[in-house]
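**Student:** Protein sequences, first through last, are from chains C and Y. Under the numbering used here, the first residue of the first sequence is numbered 1, with each subsequent residue one higher. Under the numbering used here, the first residue of the second sequence is numbered 116, with each subsequent residue one higher.
Among these hints, one or two may not hold up.
Stated by the list, open to error - Mimicking EDC-like on lysine to aspartate or glutamate, the simulated pairs with C-alpha atoms at most 20 Å apart in a straight line are:
(1) C/Lys102 to Y/Asp133
(2) C/Lys110 to Y/Asp139
(3) C/Lys49 to Y/Glu219
(4) C/Lys110 to C/Asp85
(5) C/Lys102 to Y/Glu200
(6) C/Lys102 to Y/Asp171
Think of the hints as simulated: they come from the structure by calculation, not from any bench.
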Amino acid sequence: AQSVTQLGSHVSVSEGALVLLRCNYSSSVPPYLFWYVQYPNQGLQLLLKYTSAATLVKGINGFEAEFKKSETSFHLTKPSAHMSDAAEYFCAVSYNSGGYQKVTFGTGTKLQVIP
Amino acid sequence: GAGVSQSPRYKVAKRGQDVALRCDPISGHVSLFWYQQALGQGPEFLTYFQNEAQLDKSGLPSDRFFAERPEGSVSTLKIQRTQQEDSAVYLCASSLAAGRLGNEQFFGPGTRLTVL
Numbered sequence: 001a002q003s004v005t006q007l008g009s010h011v012s013v014s015e016g017a018l019v020l021l022r023c024n025y026s027s028s029v030p031p032y033l034f035w036y037v038q039y040p041n042q043g044l045q046l047l048l049k050y051t052s053a054a055t056l057v058k059g060i061n062g063f064e065a066e067f068k069k070s071e072t073s074f075h076l077t078k079p080s081a082h083m084s085d086a087a088e089y090f091c092a093v094s095y096n097s098g099g100y101q102k103v104t105f106g107t108g109t110k111l112q113v114i115p
Numbered sequence: 116g117a118g119v120s121q122s123p124r125y126k127v128a129k130r131g132q133d134v135a136l137r138c139d140p141i142s143g144h145v146s147l148f149w150y151q152q153a154l155g156q157g158p159e160f161l162t163y164f165q166n167e168a169q170l171d172k173s174g175l176p177s178d179r180f181f182a183e184r185p186e187g188s189v190s191t192l193k194i195q196r197t198q199q200e201d202s203a204v205y206l207c208a209s210s211l212a213a214g215r216l217g218n219e220q221f222f223g224p225g226t227r228l229t230v231l
């Protein structure tokens, strides 16, 4: 079964500091991995995705993530946090289930940015 | 273009009432998903449609939950005899193709259901 684990339900960083949100995956086949962001009272928006091309994936809003097979990790980073980055972030893995793509989400990490 | 829309955005129901939640996917999107997001949790899969066919309903929590997509576009999630544990945000997502891994799902804003 495919799953993801997000370490830390809440992360606080100062404005301008490095953002690091952790995600580890479990998959019996090469995974397709995603990071989504959710702002209050909104749906999820795709930040970036890994589909086995480059291991370092760049997304929107200056975020990037690195796929590390040896560590089964797909951590999300941003060099310098903005106040507007405060939101909840979800890591997700997709897999083939009976001919269609099924997605399993992590439990989320709420990012607080302190001015 | 227009994204995925959901209505109503907020719904308060008394325990035992029936509710219907609507999802308008992006035009032309073959795949449609419903998720349930409890407070402080990630979205949990409920059901999947490919056009009008409901191919997977393994995530529906009980037989009180029913979903349909009769013409392959708009979908409705119905919950009968609502219970307090049904309180959650219900998210709808659509994607262009069916089986391609790595396809992005586009999410609506969700319907927040509160059962009193």
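**Student:** Hint by hint, work out which the structure violates, then give me just those numbers in ascending order.
**Tutor:** When the structure is compared with the hints, numbers 1, 2, 5 turn out to be violated.
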